[in-house]
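Sequences are here, hints too, so could you generate the full structure?
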Amino acid sequence: MNPYILAAISLAFLFSGILFSYVSVISEPYKDVNYGYGNCALPPSDWQYRYWSVLAHGLPHPVLFVDGERENPSQIAPVKLNSTSFYVYSIEGYVQPYAYLSVYAMFSVFFGTLLGLKTLLYLAQYKAIGDLAESKSPSGSLSLYVVKRITNLVLVIVITVSVILVLEVLHGDNVLNSLFRMFTFNGGISSHYSVSVDTLLLTSLGYTSLLLGISMPFSVFAGSAIAMRNLSTPSTLFREWKYVGSSLASWVIGLSLIYAFHYGIPLFPSGGVGSPLFMYLVLPVTSLVIPTIGITANRMYDVVSKFRSTENVKHEIKGLSSEILLYRHVFGRIGVVLLNSISSIFSEFLLSDFFTEVTFAVPGIGFLSWEAVVHGDYLVLEGIFLLYTVIIAVSNLISDLVYGLFDPRVRVRR
Amino acid sequence: MNLTFKAGATITSVSLALSFLFSIVELPPGSPLSPPSMAYPLGTYINGDNMINENALALLNTLIVAIAVGLIEVIIGLPYGMLVGLMKGKVKHMLVRIPDAITIIPRGPLALSLALFFGSPRGYVLATPIIFSILIISFTGWGNLARQIGEIVTPSTYSFPQFYETFTEKFRMSLAKIRKTTLISFLNGMVDGASVYTLMGVLGVGDPNFPTLTTILVTGRLNGILYAWWIFLIPSFFRAIFLIGLYMMVSGAQRND
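Line order of the protein sequences matches chains A and B.
So in the numbering used here, spot 261 of the first sequence is number 261, and the numbers just go up one at a time.
So in the numbering used here, spot 54 of the second sequence is number 54, and the numbers just go up one at a time.
Distance windows between CB atoms, simulated:
1) A:162 x B:83: 18 to 24 Å
2) A:266 x B:135: 42 to 48 Å
3) A:162 x B:123: 26 to 32 Å
Subject to a maximum C-alpha distance of 30 Å in a straight line, what follows is the list of computed DSBU-like cross-link-like pairs (lysine-lysine):
4) B:6 x B:177
5) B:92 x B:177
6) B:88 x B:180
7) B:180 x B:170
8) B:180 x B:92
9) B:92 x A:148
10) A:148 x B:88
11) B:170 x B:90
12) A:148 x B:90
Partner residues aside, some chain A positions facing chain B, computed with beta carbon under 7 Å:
13) 369
14) 378
15) 384
16) 389
Quick caveat, the hints were computed from the structure, so don't treat them as lab data.
Every residue, glycine too, gets a C-beta built ideally from N, C-alpha and C.
Pasting the structure below:
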């Protein structure tokens, strides 16, 4: 495929991913109302399943009017009235009406980065050797390959669901109830927040995908560019960066940035999110990018060096020019390997993002994990566990499929 | 032993020696939250304790977790891998699937879910006895060694009967490789133990009786003293040095020279 078309598709996915993430975190005031006539005022049914923006704006609160008189119940629960009266019971708070878009946004960012990386390699190849960059290999069965990959995905999800079921039984839950909830995509009700687990997951996923959407493509593309540039002049500092990058985690860098640019020079706000959102994301994104850019570059460089040394031998035998060797043979082979390793980079990124969110109190999945852990909210934590597994497993499947599409050699031979 | 391994071992040994020394020798306390000065080079903690002692104790605890996790992963993974190599047919297939399954499941959320089961939430921290944290990290990390050893000691299959290989022959031939893989896995287990335990600390999991470098951080944050940089940055710096030492040892052991 033409690299420029590939670049356009990649950018479309990346921008739509970031845009949808942003839309998914937009919040607005919302009122859920129930009214009736009787001696017990009932809150609106299913109020717990609205997309309440709990982590960013706090819990919704109850407002009750009985015969035109306002009352303030202490908690959202049925209220016994003194006499049979007309009542209006409302739950007021902030909702993220488009929270469900966060799921698409997360995968869109991943897919955009995946294609973008392939485009970057393609462009470098085309610039150097033109049409010779096209690879032609004997083809295997794509459908058998897809079936095999989907089986892997199902296996991972089945194992995770089994582990969660065991944990729920150990917590004293009924195994059939737990199983029913999972099959109906109902995570249950959070013991700490009293809203549905699904609501908490979807409303916080938007912030996580927004952070990832900005930082991951930047780190992966910049890391790859650095690695490619280092092919000609490898530097020791670059090679040893993995030690610094791995030991100085993103949350450590995050803390340093807070001291430098929040307490020291008060340039950026820190702690939660507010308006304008961009200002609150500068420090978390920076702290995510600094260590990961080095780690990503190093990983790419390792792959490139490994292939280069083996291809050098062939080059000497065949008498190929160094340009053809590097851009056709070495780049051709590393391209597919890098596409495959992007899912593990994504998984590491997601974990780093968890800790960055905790450090900066960004109301994403990582911050939700911390809240669930310290409040003993096991249903939320298990929901995060399942969601995380599904995201990683599906992104693995996507990268495997793209891998199989670009490199016929990995497909299953009949 | 190459230079990278030696450098890593030196960093780790010096960290161990200093942290051991200053966890025994109690330095004079001062007024709470004093910034670093000549009298208190690393400042003082919330309760006025000298931060040299606090950091030393936390580093020592982290090291204990690292060594324990490394050892347990080897104790489970090595014999399990041998068993995989020894078995044949369906039993072997089933034995291989168990570490595979453990390796597939995302580790972070699984470790947190298990910690929640064993710990007691206190609204600001999940108090989990250190032994459970060690067991949780080891339980979710031994699969890789088991898989590698299993692959190493599984006898090769050839089309010609005269080249048939027994488990004992393969085991004897692979001793050097097994030793090297086990050493690397032990060191990787240490890295795992230290980094996962401290990361769990960032998410509020820890044993109040065994503070780690990130427990100091969590405690500080909850007391609203984020301005006291010496409470946060210095332990993070020590954690980084300690991990660099371990990473260098792993990297050195992986090289062939």
